[in-house]
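Chains as they are written, first to last, in my numbering: chain S, 125 to 502; chain B, 125 to 502; chain C, 125 to 502; chain X, 125 to 502.
Please note that a few of the clues may not be correct.
Pairs count within a copy or across copies, as identical chains cannot be separated in the list.
DSSO-like cross-link-like pairs, simulated, lysine-lysine; straight-line CA separation at most 27 Å [as the list claims (entries may be wrong)]:
id: 1; residue 1: K432; residue 2: K327
id: 2; residue 1: K472; residue 2: K327
id: 3; residue 1: K432; residue 2: K244
id: 4; residue 1: K263; residue 2: K278
id: 5; residue 1: K369; residue 2: K359
id: 6; residue 1: K472; residue 2: K401
id: 7; residue 1: K474; residue 2: K327
id: 8; residue 1: K290; residue 2: K401
id: 9; residue 1: K401; residue 2: K352
Everything labelled a hint here was simulated from the structure, so no lab data went into it.
Number of protein chains: 4
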Amino acid sequence: MPANSVILAYSGGLDTSCILAWLVEKGFQVTAYLADIGQEEDYVAVRKNALLLGAKEIVIDDLKSEFVCEFAWPGVACGLRYEGRYLLGTSLARPVICKGLVRAALERNIGHFAHGATGKGNDQVRFELGCAALAPHLKAIVPWRDAEFTRRFKGRQDLIAYAKAKGFPVPATPAAPYSTDANLLHISYESGMLEDPAVSAPKGIFNMTTDPEDAPDVAQDIEIGFEKGLPTSVKVLPDGAEVSKSPVELFTILNAVAGKHGVGRIDIVENRFIGLKSRGVYESPGMTVLFLAHLDLETFCLDREVLKAMRGLKDSMTDFVYNGFWFSPECNYVRDCLLRGQNDVNGKVKVRLFKGSGILSFCSIPSLRIKFLLSHSS
Amino acid sequence: MPANSVILAYSGGLDTSCILAWLVEKGFQVTAYLADIGQEEDYVAVRKNALLLGAKEIVIDDLKSEFVCEFAWPGVACGLRYEGRYLLGTSLARPVICKGLVRAALERNIGHFAHGATGKGNDQVRFELGCAALAPHLKAIVPWRDAEFTRRFKGRQDLIAYAKAKGFPVPATPAAPYSTDANLLHISYESGMLEDPAVSAPKGIFNMTTDPEDAPDVAQDIEIGFEKGLPTSVKVLPDGAEVSKSPVELFTILNAVAGKHGVGRIDIVENRFIGLKSRGVYESPGMTVLFLAHLDLETFCLDREVLKAMRGLKDSMTDFVYNGFWFSPECNYVRDCLLRGQNDVNGKVKVRLFKGSGILSFCSIPSLRIKFLLSHSS
Amino acid sequence: MPANSVILAYSGGLDTSCILAWLVEKGFQVTAYLADIGQEEDYVAVRKNALLLGAKEIVIDDLKSEFVCEFAWPGVACGLRYEGRYLLGTSLARPVICKGLVRAALERNIGHFAHGATGKGNDQVRFELGCAALAPHLKAIVPWRDAEFTRRFKGRQDLIAYAKAKGFPVPATPAAPYSTDANLLHISYESGMLEDPAVSAPKGIFNMTTDPEDAPDVAQDIEIGFEKGLPTSVKVLPDGAEVSKSPVELFTILNAVAGKHGVGRIDIVENRFIGLKSRGVYESPGMTVLFLAHLDLETFCLDREVLKAMRGLKDSMTDFVYNGFWFSPECNYVRDCLLRGQNDVNGKVKVRLFKGSGILSFCSIPSLRIKFLLSHSS
Amino acid sequence: MPANSVILAYSGGLDTSCILAWLVEKGFQVTAYLADIGQEEDYVAVRKNALLLGAKEIVIDDLKSEFVCEFAWPGVACGLRYEGRYLLGTSLARPVICKGLVRAALERNIGHFAHGATGKGNDQVRFELGCAALAPHLKAIVPWRDAEFTRRFKGRQDLIAYAKAKGFPVPATPAAPYSTDANLLHISYESGMLEDPAVSAPKGIFNMTTDPEDAPDVAQDIEIGFEKGLPTSVKVLPDGAEVSKSPVELFTILNAVAGKHGVGRIDIVENRFIGLKSRGVYESPGMTVLFLAHLDLETFCLDREVLKAMRGLKDSMTDFVYNGFWFSPECNYVRDCLLRGQNDVNGKVKVRLFKGSGILSFCSIPSLRIKFLLSHSS
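So here's chain S without its partners, still in its complex pose (with noise of 0.2 Å):
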């Protein structure tokens, strides 16, 4: 293994371009390890800054499916949300990343990992303990963490300055004034001026969703179907097809159309792993959605009791995955336990979007299960 191999988490921007410069510089051979997993990004011109600041090697991985597959569908199943709010877009995309980089690197026989997330968020935090629990041997590199490198880069000013002298094409345009991630899942919007939770999100911070009073004045219907705990078919009524043909198609469906109906914005302070309190705005139309819906259908199908035995393993596995333990044995064993208690957790949910509300209107189980249940109320 080359001691000075490394493979660098690429997101194609500001910061991590200037980070693999700088590892160039400090003599590293650098593979730049971009994972799609559904982020509007522009592949052809990354691939190509990416080479010219001296990467040995750009890795563009499309994880799409393997991230709804293994990461999105059981957080649905398992009904994860943090401080009953957020949906862990973010978490739940970090431990995909990690696969990915550390098959990357095995692959390539490399030795270190580095990454371009800062001291005070959670994202550090996650990316190390997922790349250690995959890949012990591979030694992590953190920039933001590295003295001598943020003395050389102590504010925006310095990264661009240093970014054009790399050749490296920063945007004309000014940067927003605060941070965003995206992928499928959704859009988180932090920092920055959203630092201040008594500022609100700007009108047109918002890509994945419409403004609830912007959408459309007619609601939409949906019929969305679970197969143990896991979406199966989404179907736009009151005449659409029943789609259910890959995860992935059926998560883009949800995010198009629930989005066109402003379904899906929080605008929340949360309680970082590390201990401070952050504001947090985020989009994530498909997943609230299906959040919805799957609480709906759990509680008709599952035993009361049998919940409520549940709730402790949710809380603990939300916050497994919140603090970046996916891999952990604590976590294997939460989801297991979760996932076995979805059996019987099959049928269609009807979910009427409009103007930023997700109602449920009714569920549908498989017709011998209704008329059991129906037998007892009746």
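Here the structure of chain S is known, so what remains is to put chains B, C and X in place on it, guided by the hints.
For chains B, C and X alone, coordinates are given in the frame of chain S:
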């Protein structure tokens, strides 16, 4: 104590009117007890009917303030929400009725109490546990679990015939094909045609909330103040004066403004205490806004691990209240613990109401604390 | 199905013998069902008496192996201990009796079941919930809650007179001033003179355990092996051969050796399901040693956070079993979760038995794992 | 505040003596701080040695009463026992030491604190979290995690040589092949030869407890009184006078009598906070008896469901204390909740001590309540 004295939890409706007459027929001296907890009612007619049916006395007891201060406010501060959705509008009302009814029974030296709840629901349990806790000597009479009564009254037609024979003015209009329970906190709709979860709730069913599709096209901001987790003020923005007169007034204002914007409807299947699944449609505009605002402020004001320590207590108290154990030692204990955890939940929360959604826009807390928090995340 | 057929959970004692005769008198065809779960019993005399009292048939069912494998072993592996002390010797026995009794009832097409448990204890609940779960069509007959029966049999003298009249050989010696329940797992002593917690249990009361003050002056070491949390072998040290023949034999050896050294007595006040406080004196030599050994090995083998995740599940399952919900969906769910958490609980534990104490001296697990663990703490 | 002032948690042993000398060598003005929490110590010699090694001052602080009243008693009342076995004798001592040390530091306007705990154990965490909570401005100096210190002192021989060179009287006898921690609550033995769980603890290792095999052949009864869950009196039966003078005296008596009878030894593997498995041998005679007696009385005095509601809180508080979070908001909150649940835990418990066992024989509580309880089960 006269052996044949009974106090009847009287609603003025067909069922408890027949029970009243039947108890008189069985030789009981009946005191009809009607708690005013904010429901719409023609109290003059109710009084007249009760006496006509043979009641020795009718007590109409204004419990609105007690209901809000001692039951609704702790419900908000303790963050009670059953199975993730139901805000316990009926569950919180039953203990205040028990309290008033027992008080009236003790003042009159009455030996029995009777209620009109059926043998399949939660309310029988709540009435009987509540009265047993407050006055163990009061003997319960439960007509709907009495073999003689149920042999005689096999269905609604038997009740109507009996009521007419007793001179009770049975309404000419046919009964709604579902049953309702109304108070300051909410109106519930269940049973009858609603028993089949595949049947949507009729559009015209609701009384406290505008249909979201018909709600105003312009959003409305309000600001709610809390002290130690309890609501203390409300202000209709942009230029409404802050109102902090009485808890009942505060609640009434919230119901009006949130109801106008269609906020607070849910349509769910829930797990009853006695083991049945039950479909319930609820509208609880004020409680919905208070729940959301309190959750937001609590997450903002409290330490993460304290919030976690309260999770299990909140789950337990929700079950205690739903299941009718408000006056139990365990509920007293858990309520004390949760309320003592609210000492730091002080501040104001702005909520935007729009076509069925209540969206938090920000919360503000005493300036010293804000400064402290921001200095941590800046 | 004959309308008058009944299967009676028969112990051979005075109470159920009178119930047997009374049921025959009431016109029932009675099948007496006696589960052999390891209690000391003169089965020849029991058989003779049952037929004498008019039983159509007596079934003596050897459930010892089923009892140990399907109930005691999971109890050990799931770490069940009620209120920190009681090892559920009776609670685990009731469901296996229900299982055997229901099996016998179904084979004989019997329509009712009867039991001799009183209206103040846990066992009525356990019998009735167990049978209701396994065979909801079986109708329960509960003499001790039947007005006619309790009017007729007001006390022990009435039972004795009735039994004598029916030809049942009532023992000449007066009854013990307390009641007992015995099986392979334990003997319990309660009621009567023991009801007052200020009265010490009489010295001569015990049957499975030597009084610690009279136990051998030399300690005895034994070694117990576990696989996936379930006991699989026992070895009496220093030179005993390892025994891993059958679960029943293993249990019997443990009872003998731990009992000889006075291990496993407790004298407690516990909280019964139905709300009473109850004083119980128990001796459970084998179960005590197994509980301690399993706890030791489990803490050694499992990850700390997995242990924590199982805590709430263990508490819940303990309550389910104590309260008679063994066959419920929630108990099935939690048991599955706990047993799947035992996959890595493999190894041997050495226990030193001495005058009432069971002290762990060490546990050994497969050498690979030891090396792994030690390398972490060296 | 002098930049070079440091307060050192000093034990008088080899390690902290070398640290003291090393800190002096590094230019610090060292205040040696030694908390007297009931350990056996030649305080005259310790004082002499500290000054000899260059300490500016040595503070010997009698915290015994504070230790028992503010830490041990709440530990008993809250029922704290880690992983089902360890009574937290060291964990409860660390915060009282932090409290005393910080008090001394503030009085002297000292800017740093240092401790001799290693980088593999729990104590480093407990010291640093405790001091950070009480005096965030105190900067930690941790020699055993300092690269320069650990390069210089690679093993015990280096420490001995250094200490001798400094004039410290290194004991002629070789060090015990394990490390100990002693205070009023317990003595722990771990590390060294004890690291291998397959090696039994040497017979002569113990100081507070007689070997059960050598303990008196006659059992000893004692009676312990509690008020609101806190120990208030002890009486050595049959004719000892009841002692309720001071908490420290009470604890000392319990240690003596329980220790004489060999009560309170455990030999376990536990899960340390930092993730290691660790073998610990403990003797805690008084705490063991108090834990058992309190559990007994609590189950007797409290409502079943209140006990259940406290379960999760007890588990949480146990973890908080073990992990060093005594002064955290969450520990304060949970402790308050648990202590308020102890209001009705009043009465006396009789315990029989015999060759290593503490067996409860009965508990008595104020006569009114006993009558109430018995009337329920008669």
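To see whether the hints hold, each was checked on the structure:
1. K432 <-> K327: neither (40 Å within a copy, 33 Å between copies)
2. K472 <-> K327: between (35 Å within a copy, 22 Å between copies)
3. K432 <-> K244: This pair counts as between: shortest inter-copy Cα distance 21 Å, intra-copy 35 Å.
4. K263 <-> K278: both (25 Å within a copy, 25 Å between copies)
5. K369 <-> K359: within (11 Å within a copy, 50 Å between copies)
6. K472 <-> K401: between (38 Å within a copy, 17 Å between copies)
7. K474 <-> K327: For K474 and K327, the Cα distance is within 27 Å only across copies (17 Å; inside one copy 30 Å).
8. K290 <-> K401: neither (36 Å within a copy, 49 Å between copies)
9. K401 <-> K352: Between copies, since 20 Å is at most 27 Å while 36 Å is not.
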